[in-house]
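Enquirer: These protein sequences, in sequence, are chains A and B.
Residue 711 in the numbering used here sits at position 711 of the first sequence; the count goes up by one each step and never skips.
When you read off a place in the second sequence, starting at 1, and then add 1000, the result is the number in the numbering used here.
None of these hints come from the bench; they were simulated from the model.
These numbers were taken from a predicted model, which means no experiment stands behind them.
Keep in mind that the hints are not guaranteed to be accurate.
Claimed, not checked - Some chain A residues flagged as far from chain B (calculated, every beta-carbon gap over 12 Å):
1) A81
2) D306
3) R436
4) P863
Said to hold, decoys possible - Label-pair restraints from in silico Cβ distances:
5) H1067(B) to L11(A): 21 to 27 Å
6) H500(A) to H1067(B): 52 to 58 Å
7) R454(A) to R1073(B): 54 to 60 Å
8) R1005(B) to T3(A): 21 to 27 Å
9) V367(A) to R1005(B): 57 to 63 Å
10) R402(A) to R1005(B): 31 to 37 Å
11) F476(A) to R1073(B): 40 to 46 Å
12) E37(A) to R1005(B): 22 to 28 Å
What the hints assert, rightly or not - Which residues of chain B face chain A? A partial, calculated answer using Cβ under 7 Å:
13) E1033
14) E1034
15) R1043
16) G1048
17) A1063
18) R1064
Built from N, CA and C at the ideal position, the CB exists for glycine as well.
Spelled out, the chains give:
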Amino acid sequence: MMTLGEVARRLRYLLWRDRYTAELEEEMRLHVELRAEQLRDTGTNPEVATYAARRRFGNPAHLQERSRDMWGMTWLEHAAADLRFAIRRLVHRPGFSLSALTVTALGIGATTAVFTAVDAAMLRPLPFLRPAELVTLTNVNIPFGEERDESDRTVGIDQVLKMPELFANAAAFAAGGLNLEDAEHPRRVNAGIVTATFFPTLGVMPERGRAFDVEEGRPNGPRAVILSDALWRSQFGGADVLGSTITLSGNRYRVVGVMPRGFGFPNGSDLWIPLSVPTTRETFRPFRGYLPSRVIARVAPSVSVDAASKRLLATWELAIGPREPGRRTNLDETVDEIRRVGAAVPLQQEIVGERRRGLLILMGATVLLLLIASANVANLLLSDGASRQREVALREVLGATRGRVVRQLLVESLVLALTGAVVGLVLAPAMLGTLRALMPGELAGTAPVHLDLRVLAFAIGLALVTGIAFGLWPAFGTSRVDPAQTIKSGGGGATASLGHARRLLIAGELALTVMLLVGAGLMLKSFRRLMAQDFGMNTAQVATLELTFANPVIAPASPPENRAAVRKQAMHVMLDRLTADPAVEAAGIVNDLPLRGGAGLGIFVTPDGMPPPKDAFARYLIASGGYFKALGIPILRGRTFTADDDDVGERVAIVSRTMATTFWPNVDAVGRTFHFGKDSTPYTVVGIVADVKDGDVAEEGRAQMYFALDERSPANIALVARGSLPPSELLSRLTNAVRFAAPRQAVFNARTMDDVVGNSVAPRRTNTLLISLFGVLALALSTFGVYAVVSYSVVRRRRELGIRSALGASRVDIVALVAREMAWVAGAGVGVGLVAAWALSRVVTSLLFDVTAHDAGTFALVPAALLVPALLATLVPTLRAVRASPTEVMRSE
Amino acid sequence: MLILRTLAAGGEQHGFEIAEAIERRSASVLQIEEGSLYPALQRMLIKGWVAGEWGRTAGNRRARYYHATAAGRKHLERELAAYERVSLAIGRVLRPA
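Construct the entire structure; sequences and hints are all you get.
Expert: Structure follows, in structure tokens:
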């Protein structure tokens, strides 16, 4: 404990430091003089007396230092001095500083950027009221239609709302797209379709106006809309819009509220419309008839998520009743899934879902990279330290304590690390754009990936930790010198233990690099295989755009059956205009573009005259005759649709190869008939086309069936055109065709087909790309590390090698000597790395496609890819060293 | 403690005198580096156990004369008591049974 008087004395010392120092010096001088006088008085020779007095007194500089240390404020002065000294030293050696800085910046920049994404997705709480209370309810549904089906034994949101002891509130939501039509420029907007309880459950209320009321939450209730702050500002200029109406995909909605800035849940919604409980067919009509929805709830204040989950599961088991042995129903599957994932899962955990693993693996890869970078800098500091031994020895002789020297060296590595962090922070945003692809879509606009104070704190913390970690070891190594020895030998006599440390660092670095490279190799191979699959289409030179027909625009106030006719008419105008264009090779229309996201609609199909297959669902698609050519889907047998295939003549369909072989095994499907749904009309198969990848590129081919566009005139379509024009040209032909047929029609997702595919594999590609990039960086860093160590060691052993060469060792002998030593280190590092990679690669299994985690090719290739550069990095400096003539070397010592 | 004891007994002394006194008292058994007296004195100055004033030596040279303060004497008493307890205990353990 410091008393008040003591603090005052210390402060006084700090203020008049120079005076106190002078006084102390005077005291000490007097002491030595008095002692010398005393000795002289006893008859000692004056010179000897002075010398003896000094010897008895000790090292005055050292004692002064210790005295000043007693005052305890010295650390501040020392820190400032150390900082100045460190910066001066770094500036004077730009080569060393730049390499160390680059390596540190890379490591810290990459780690910070990846941390930003992990933080946004998983660590930062969702921006809702007490987000820890929010859960997703697995398999809970929204009842459909006015009355609940007696036979329906599933648990619905209506029942959850009657459990206040468990859940304070519950809501359902879905995400879709709508056309905002009466604005100056019709545009596509992201719509959240939410129950009236949605905003109260999340605990976020509109900034202006109100949330949906009970009436608006009922089936066929008043149409109301709540706008996001961003849409309100961009589209309505922030004017007073409450009470006015807007048109969304042909329906008029009254604006009742505007949400606070930054709220865009789910999927970056621009606006929200009500989802009624129970829900009606009408609700999902603008969204191709179906949208996946999710039920969330807020657990009651005194209930834990775990307890709520257990009790909800009990409700489920009660609802399905006793099981019939030996018979499994859909309901059993439902409850099994609930048991597996939990009846109530924390919202954030559930949303991040499978993205979690990808992000964590990437974080792991970054940490490996950071470790490699740190080892590299430690190595640089070690060799730097070795060349500084003379300086350090001199300072210790002049009275610096070892702690003081260590501290000074540490300040230097901290300055390096912190500067690296600053550069890294500047570099990190460049990576953020890429990382967005790894974020869950539902969190778009809700958990933005950006640098903030948390990330800044993380980067600085990281810099401090790495700075101390990679600085401490070299600092201790460097400060452990025997001054007399070092100064005498001229600084050449580095101790053996330093060599040891460096070898260990290099081996460790190589081991980590092997792990990263194995990961990168597996991901690359798997991604190549993924993309090398037969997609069932040729996406090059294809452009596409999507649209949802806006009825009032093209056919105001016409009855539904006329609407279909009007749509059909418009589609024909578009297609005719495109095919008339000589630059367009082929054009077509489909209701649902492959790989655009979403699982699509599966329909239960019954083949006529055949037993139905085990999985009798087929994907429901509607296409024009030109679609297959436009998208490059090979027609394997039969024909495509013609102008005769409409809603008047015989009903026909085209099926995919998988559908043909599963529904009509061992027979020719062409000419066979099938029917589906309540409709008993038989459909005749007229053609078989290739399986097209549609849901996810990693999925196996599914049964797909195409119906003629002229028979079914869908409201949601994608227009597809093939042509050798530049993509932007082709896209403008598409837009023009739409504008020609329906001038006020909004279009969206105008892009090339390659973009559609690219988008669907974006998370995989990003993960692969980044891990490969880290692998390459790791390879470069460790090669550089080997090079630095070997260069250093041959310089250090110049004399020894010179003697060997003078004694008759050939150059080959000497190179072999150095290479053998390095081979041991590299071999050990690579070996350990391979074992670790073998043990760890199982972690990435879920990210792999068609490649096992222990892929032999990758495990064989990686050591080669690493050892060749390592060998070169060994040979180059060694050869340079042996080329010097031995006499020259010996003379220079 | 040695310094405090010396000062508590002998009034005001400067560094060299303290060193001499300690050496005399210990009958040259305790041979320390004489200079280490000064960091110790600085420490006691901070703690407030001793105070120093500049004066003149017999040879008319400027020197800082130290004396023990009240706090210093109290501290010395505490230290001596503690030391006696320990040395008594050691004595008991070592005394032949």
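Enquirer: Each of the hints needs a verdict: does it hold here or not?
Expert: Quick rundown of the hints versus the structure:
With a cut of 12 Å on Cβ distances, A81(A) stays outside the contact zone with chain B, its closest approach being about 20 Å. The non-interface label for D306(A) is consistent with chain B: the shortest C-beta to C-beta separation is roughly 57 Å, beyond 12 Å. Residue-level check passed: R436(A) sits 58 Å from the nearest beta carbon of chain B, beyond 12 Å. For P863(A), the condition that its CB be more than 12 Å from all CB atoms of chain B holds, with the nearest at approximately 58 Å.
The supplied range of 21 to 27 Å is met by H1067(B) and L11(A), whose beta-carbon atoms lie about 23 Å from each other. At roughly 56 Å, the beta-carbon separation of H500(A) and H1067(B) lies within the given 52 to 58 Å, and the hint holds. The given range of 54 to 60 Å is respected by R454(A) and R1073(B), whose C-beta atoms sit roughly 56 Å from each other. The hint said 21 to 27 Å for the Cβ distance between R1005(B) and T3(A), and at roughly 22 Å that hint holds.
Between V367(A) and R1005(B) the CB atoms are about 59 Å apart, so this pair conforms to the stated range of 57 to 63 Å. Distance hint check for R402(A) and R1005(B): the Cβ-Cβ separation is about 33 Å, which falls inside the suggested range of 31 to 37 Å. Checked against the hint of 40 to 46 Å, the pair F476(A) and R1073(B) passes, with Cβ atoms roughly 43 Å apart. The beta-carbon spacing between E37(A) and R1005(B), approximately 26 Å, falls within the hinted interval of 22 to 28 Å.
At about 4 Å, the closest approach between the beta carbon of E1033(B) and any beta carbon in chain A falls short of 7 Å, and the interface hint on this residue holds. With its C-beta approaching chain A no nearer than about 5 Å, E1034(B) sits inside the 7 Å limit, and its interface hint holds. A least Cβ separation of about 5 Å between R1043(B) and chain A falls short of the 7 Å threshold, and the interface hint therefore holds. Here the hint on G1048(B) is kept, as its CB sits about 5 Å from the closest CB of chain A, short of 7 Å.
Annotation: interface hint on A1063(B) holds; nearest CB of chain A at approximately 6 Å, less than 7 Å. Among the interface hints, the one on R1064(B) holds; its C-beta lies about 5 Å from the nearest C-beta in chain A, closer than the 7 Å criterion.
Hint compliance for this structure: no hint is broken.
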